[in-house]
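Protein chains: 2
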Amino acid sequence: MKYAIGIDIGGTITKIGLVSEDGKCINKTSFRTKELNKFSDYVIKLNKSIDKISLKNIDISGIGIGAPNASKNGTIETPANLNWKGKLNLVEKLKEYINSPIFLSNDANCAAVGEMMYGNAKSLNDFIVITLGTGLGSGIVSNGMLVEGHDGFAAELGHYSLKNMGRYTGLDVQGGLEAYVSATGIKRTIMYMLSKYMNDSIFRDISFNNLHGEDITKAAEKNDFIAIKAYEYTGKILGEALSNFVSFSQPEAIILTGGLVHSGKWILEPTKKSFENNLLPFYRGKVKILTSGLEDKDSAILGSAALVWKNI
Amino acid sequence: MKYAIGIDIGGTITKIGLVSEDGKCINKTSFRTKELNKFSDYVIKLNKSIDKISLKNIDISGIGIGAPNASKNGTIETPANLNWKGKLNLVEKLKEYINSPIFLSNDANCAAVGEMMYGNAKSLNDFIVITLGTGLGSGIVSNGMLVEGHDGFAAELGHYSLKNMGRYTGLDVQGGLEAYVSATGIKRTIMYMLSKYMNDSIFRDISFNNLHGEDITKAAEKNDFIAIKAYEYTGKILGEALSNFVSFSQPEAIILTGGLVHSGKWILEPTKKSFENNLLPFYRGKVKILTSGLEDKDSAILGSAALVWKNI
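First to last, the protein sequences are chains A and B. Heads up: the first sequence runs through residues 30 to 341, numbered per our numbering. Heads up: the second sequence runs through residues 30 to 341, numbered per our numbering.
I should point out that these hints are in silico values taken from the structure, not numbers from a laboratory. It is possible that part of the hints are untrue.
Which copy is meant is left open, so a pair is good if it fits within one copy or across any two.
When the alpha-carbon atoms are kept at most 25 Å apart in a straight line, the in silico DSS-like pairs for lysine-lysine are as follows [stated by the list, open to error]:
1) Lys317 x Lys116
2) Lys31 x Lys63
3) Lys225 x Lys122
4) Lys31 x Lys339
5) Lys247 x Lys57
6) Lys216 x Lys114
7) Lys122 x Lys151
8) Lys192 x Lys258
9) Lys67 x Lys251
10) Lys124 x Lys216
11) Lys315 x Lys192
12) Lys192 x Lys265
13) Lys315 x Lys251
14) Lys225 x Lys116
15) Lys114 x Lys151
16) Lys77 x Lys301
17) Lys339 x Lys247
18) Lys265 x Lys122
19) Lys57 x Lys122
Predicted model only: the values in this text are computed from it and were never measured.
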């Protein structure tokens, strides 16, 4: 059996795992990303964490890293959610400590590779993964290969622009998809629905900062008008956007993953309905909307480790 | 030197050429596609035309065909602009007469492969070709390979939907890009500008059916207000759409080709301006807008022939 290290660099938590080629995470650790003020200290901590989870008698085939704003050249560029600014030479710095091959890609690209190796895209050559977390990330696979683009910044579909929509994203882009479709997006939509309707709702007593995704699902299950409207609105926009993505790469499946998908039918039903309504005739019945096959299984670590098997 | 046959099946004309591997069309013929009422007769005519242009002592490596609505499986499916309906088994039928390998792809995909072999995409692994003819076609290359999708219907960006726009396409899709950006689209925009403004214009004396692309360029050069407004409007929409396409596949270049591009600066300047204005910060300065390197050089025949070199 071969083994790889999978690392997921998130704005809050950095996760490190030792993963076998058949997709089992057999040892893992994590630390708070923002603990380290200097990037060079972060790299040292990362190296120590890799040592900590490595096991005697187990050789590592390589290290796979998923991170926001990762380029094709081993760098992380001006990440909005990390402490450090500018162009961070992550792979180069880590190579000062480590001899194994190191691969870096966008975190949503890692999610796509993870689905291809271990999840619901095992037999697929053409698919798209949409991660619905704090923002909206995406990984696109065409001809069995990641669509990374000229220098690694392809598949930024959270910034895909809905020209008729007015919300601003974190990058100050007006009408960016993730301003509507993400954990943050649906919270904004709850606010919008509170502005639009006069109906009673549990959300009239909850502030924006105290509002969590699970609350919206619970409220919808109790038939809360505002919660149901928010899911319908979010699903309608997501379905329209996904139908446009199909005219780009004609995937066999679109796999949805991340916190917002935990609401199940509340988000999936309006999304599928809107998707089918907007799909062109010659695509109908050919594109499946699926959820991740990796939920609650160290998916981010598995996806990063899968980058190693895809590249060596 | 190796040789291939390149065939371009258009709604009006079918072109057949004998092409050398270095990109010279050394013999060619054509006939009117709608001459043949029965599809089986069309295939016979196609085979005779291939015989007609073939030369003694020259072996053919293969036959490449570009056609609208071509699938990955050698069929043309419910083509809007051809006489015959349903699923047409073009490759299978042609194989009854011909022994060489036969490759079929969407006509805009052939344009992309042609640019890669002989045009302005020679050194590029990630680019998009947009063909601005009667409709809007597109060919996408990622990782040096055509993005064809699950069964060949990827890259249908003419049907990419502008949700805030109201025009109907030939497929009755509201807001489809080609309803705005194509030879037909800009004619519709001339009508729209005549409805919107009261200014004098040469177009107040020309009917829709008598209006041709060259007239719009000539009028713009004479400072016709309606013509200039029409180019500005078309370029603005095209630039916005192209900037969205970048967040999908991050091409190194987008190559524009087809009749509408013959107007030169009139369409290119507003397109580039709108493109740069809408591009996300991390893409700026990284994506070139180019015109075809194959104009007036039997480009459709060359593109179809290039399909052979890409596949054998």
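These are the hints, each one checked on the structure:
no.: 1; hint: Lys317 x Lys116; in the structure: between (38 Å within a copy, 23 Å between copies)
no.: 2; hint: Lys31 x Lys63; in the structure: neither (32 Å within a copy, 61 Å between copies)
no.: 3; hint: Lys225 x Lys122; in the structure: neither (51 Å within a copy, 60 Å between copies)
no.: 4; hint: Lys31 x Lys339; in the structure: within (13 Å within a copy, 36 Å between copies)
no.: 5; hint: Lys247 x Lys57; in the structure: neither (32 Å within a copy, 69 Å between copies)
no.: 6; hint: Lys216 x Lys114; in the structure: neither (28 Å within a copy, 49 Å between copies)
no.: 7; hint: Lys122 x Lys151; in the structure: neither (33 Å within a copy, 35 Å between copies)
no.: 8; hint: Lys192 x Lys258; in the structure: both (22 Å within a copy, 20 Å between copies)
no.: 9; hint: Lys67 x Lys251; in the structure: neither (47 Å within a copy, 62 Å between copies)
no.: 10; hint: Lys124 x Lys216; in the structure: neither (41 Å within a copy, 59 Å between copies)
no.: 11; hint: Lys315 x Lys192; in the structure: between (27 Å within a copy, 23 Å between copies)
no.: 12; hint: Lys192 x Lys265; in the structure: both (15 Å within a copy, 12 Å between copies)
no.: 13; hint: Lys315 x Lys251; in the structure: neither (35 Å within a copy, 50 Å between copies)
no.: 14; hint: Lys225 x Lys116; in the structure: neither (43 Å within a copy, 49 Å between copies)
no.: 15; hint: Lys114 x Lys151; in the structure: neither (37 Å within a copy, 36 Å between copies)
no.: 16; hint: Lys77 x Lys301; in the structure: neither (45 Å within a copy, 49 Å between copies)
no.: 17; hint: Lys339 x Lys247; in the structure: neither (40 Å within a copy, 54 Å between copies)
no.: 18; hint: Lys265 x Lys122; in the structure: neither (44 Å within a copy, 44 Å between copies)
no.: 19; hint: Lys57 x Lys122; in the structure: within (22 Å within a copy, 59 Å between copies)
The structure fails to meet hints 2, 3, 5, 6, 7, 9, 10, 13, 14, 15, 16, 17 and 18 from the earlier list, while all remaining hints are met.
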